[in-house]
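J.: One-letter residues, chain by chain:
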Amino acid sequence: MEEIVQSFFNAEIAQAAMPIVLAGLLNTVLLSLLVVPLGLIGGLILALLAQVKGPLVRWALISWVDFFRAFPPLVLLILLFAGLPFAGLELSGFACVAIAFFLNTGAYYGEILRAGIDSIPRGQVEAARSTGLSGLQTMTWVVLPQAVRNVLPDLLSNTLEVVKLTSLGSVVAVPELLFQARQAQSVTYNPTPIVMAAVIYFLILWPVVRLLSRLENRASAGRA
Amino acid sequence: MNSTVAEPIVAARGIHKHFGHLHVLKGVDLEVAERELVFVIGPSGSGKSTLLRCLNRLEEPSAGNITVAGIDMLDPRTDINHARQHIGMVFQSFNLYPHMTALGNVMLALRKVAGKSRTEAEKLAQAALERVGLADRADHRPAELSGGQQQRVAIARAIALEPRVMLFDEPTSALDPELVGSVLAVMRSLRESGMTMIVVSHEMGFARAAADRVVFMDHGLIVEQGPPAQIFESPAHERTRAFIGQIRQH
Numbered sequence: 000m001e002e003i004v005q006s007f008f009n010a011e012i013a014q015a016a017m018p019i020v021l022a023g024l025l026n027t028v029l030l031s032l033l034v035v036p037l038g039l040i041g042g043l044i045l046a047l048l049a050q051v052k053g054p055l056v057r058w059a060l061i062s063w064v065d066f067f068r069a070f071p072p073l074v075l076l077i078l079l080f081a082g083l084p085f086a087g088l089e090l091s092g093f094a095c096v097a098i099a100f101f102l103n104t105g106a107y108y109g110e111i112l113r114a115g116i117d118s119i120p121r122g123q124v125e126a127a128r129s130t131g132l133s134g135l136q137t138m139t140w141v142v143l144p145q146a147v148r149n150v151l152p153d154l155l156s157n158t159l160e161v162v163k164l165t166s167l168g169s170v171v172a173v174p175e176l177l178f179q180a181r182q183a184q185s186v187t188y189n190p191t192p193i194v195m196a197a198v199i200y201f202l203i204l205w206p207v208v209r210l211l212s213r214l215e216n217r218a219s220a221g222r223a
Numbered sequence: 000m001n002s003t004v005a006e007p008i009v010a011a012r013g014i015h016k017h018f019g020h021l022h023v024l025k026g027v028d029l030e031v032a033e034r035e036l037v038f039v040i041g042p043s044g045s046g047k048s049t050l051l052r053c054l055n056r057l058e059e060p061s062a063g064n065i066t067v068a069g070i071d072m073l074d075p076r077t078d079i080n081h082a083r084q085h086i087g088m089v090f091q092s093f094n095l096y097p098h099m100t101a102l103g104n105v106m107l108a109l110r111k112v113a114g115k116s117r118t119e120a121e122k123l124a125q126a127a128l129e130r131v132g133l134a135d136r137a138d139h140r141p142a143e144l145s146g147g148q149q150q151r152v153a154i155a156r157a158i159a160l161e162p163r164v165m166l167f168d169e170p171t172s173a174l175d176p177e178l179v180g181s182v183l184a185v186m187r188s189l190r191e192s193g194m195t196m197i198v199v200s201h202e203m204g205f206a207r208a209a210a211d212r213v214v215f216m217d218h219g220l221i222v223e224q225g226p227p228a229q230i231f232e233s234p235a236h237e238r239t240r241a242f243i244g245q246i247r248q249h
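In order, the protein sequence lines correspond to chains A and B. Under numbering that gives the first Met the number 0, read the first sequence as residues 0 to 223, first letter to last. Under numbering that gives the first Met the number 0, read the second sequence as residues 0 to 249, first letter to last.
The set of hints was computed from the structure by calculation and includes no laboratory data. Take these hints with a grain of salt, some might be off.
Only some residues are given here: those of chain A computed to face chain B with a beta carbon under 7 angstroms [claimed, not checked]:
{"id": "1", "residue": "122"}
{"id": "2", "residue": "123"}
{"id": "3", "residue": "125"}
{"id": "4", "residue": "126"}
{"id": "5", "residue": "129"}
{"id": "6", "residue": "131"}
{"id": "7", "residue": "144"}
{"id": "8", "residue": "145"}
Which residues of chain B face chain A? A few of them, derived with a C-beta cut under 10 angstroms, are [unchecked claim]:
{"id": "9", "residue": "84"}
{"id": "10", "residue": "98"}
{"id": "11", "residue": "100"}
{"id": "12", "residue": "112"}
{"id": "13", "residue": "176"}
{"id": "14", "residue": "179"}
{"id": "15", "residue": "183"}
Don't be surprised by glycine CBs; every beta carbon is placed ideally from N, CA and C.
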C-alpha cells in the first residue's frame, strides 16, 4: 500500500511536477481552442458543400469525408509531421496537429452538421426565401441556428473526443498536458505526474460530460 | 382590350410545369388586377398550389411568362430576392421560425432584406402584429401559440414587407375548425384594406363573401372561372359541378 502511494500519489513529486504539468494544461487548452474552431469551420464548409446538388461535388465530398473518417488521426499526424518536410514544408508539431485535426475532426463535425441541416423542414427555407432572404441569409439566420440546436449533443460529444485527442500532440513533441506529464515522469522516475494529468483531464471534461447527459435527457424527454 | 382596365398586377401566361414525367401545369393563363381577390379551387393534384408557387418562383416553371408588379419574374437578370419582397406568401403549415419569437419572425426580413434598423424593424413588426390582432403575443415563441395565432403571425411576417400581392396556399387547411375564423377575419380585413390576393383554399363561405373571382382548376388547366355565385351555383362544366358537389358535403 505504502509503495502504491509512493509511486502514484507522491505529494513531494506532485509538488515539484506541478508547474510542468500546469504548463502542459495551458497548452492543451490553447490547442483545444485552436482545433475545435478549426474542425467546426472545416465541418461547416463540408456541410454547406453537401447542400450543393451536383454529382461532381457529391462524389468529391463523399470521398473526402470517407477518407478522413477512416484514416486513423494518429497515423495522419505522424505522416504530416514526418512527410511534409520532404515536400519542402517544415511545420511545427503544433501546426501539424492543427492541420490533422482540421482534416480529421472537420469530417466528423461536417457529418453532424449535415445531419442537422437535413433535419430542418423544407418549409422553413421556403418561408424565408418567400420573404426575399437569399440562400445564404436563409442558411445563416433560419436553418443553421435550428440545425445546431438539433445536433448540439452530437457536437458536444464530438468536441469531447477532440479535446481528448489533443493528447496525440505528445507524439510530435507538442508540450501539451500528456507530453509534459511524461517529461516530468521521466525526470522523477515516478508515475505521479501521469496520475496528475489523468485527474486534470477528468476535472476539465467531467462537467462537459454532465452537461451532455443533461442535454441528451432533455432531448429524449422532448421526443416523448 | 378595354383601355380603362389597368395593366394586371399579376400576369402569368402559358405556364407549364413538369416534375420528371409528371406534367403538372399544362399551359395556364392567369391575370389578376390590382385589389382583386382571386380564389383558386380544384381537386388535389390539379396544380393549383404549384401555380401559386410558380408566381414567386418557389417552383421554376418549365415554360411561360410571369410578370408581377411590372417585374419579369423569369428573366435571369431579375433580382429574385428583391422581387419577392413584393409578393407575400402564407403557407398551409405556417412555417414560422421556431427559434424566434413572433416579433423576431416578423423582423427578420425587415432587417435583412428591407435593410431597416433594429428600432425601425421592431416598430414595423409590432405594427404588423397589431394588424393581425397579436400585439400582445410579440414575445411568444411559435410553440406557445395556437395554430390560428401562428398563421396570423405568418401573415404579419408577409405583410410587414408591404407586398403588392399576397399568395395564400391553403391557409386554413391545417387548422382546427374553431381556429379558422380568426385567420379568415384577418384575411377579410386585409381584403378591405385593398390588398391584391390570390387564395388557394376550399373555404367556400369566405370565397362567396369576399372573392371577386373563383378559378376552378383540374388536371393542370383552368377549366372555368367567374364570380363566386356563378361558379358555385351554376357552373358551366360537369367537372366543376362534380367538384363543388364534393366539397359541399364536408
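J.: All the hints need checking, so say for each whether the structure fits it.
T.: Status of the hints after comparison with the structure:
no.	hint	result
1	122	holds (4 angstroms)
2	123	holds (6 angstroms)
3	125	holds (6 angstroms)
4	126	holds (4 angstroms)
5	129	holds (4 angstroms)
6	131	holds (4 angstroms)
7	144	holds (5 angstroms)
8	145	holds (5 angstroms)
9	84	holds (4 angstroms)
10	98	holds (5 angstroms)
11	100	violated (13 angstroms)
12	112	holds (4 angstroms)
13	176	violated (23 angstroms)
14	179	violated (20 angstroms)
15	183	violated (21 angstroms)
Hint violations for this structure: numbers 11, 13, 14 and 15, all remaining hints satisfied.
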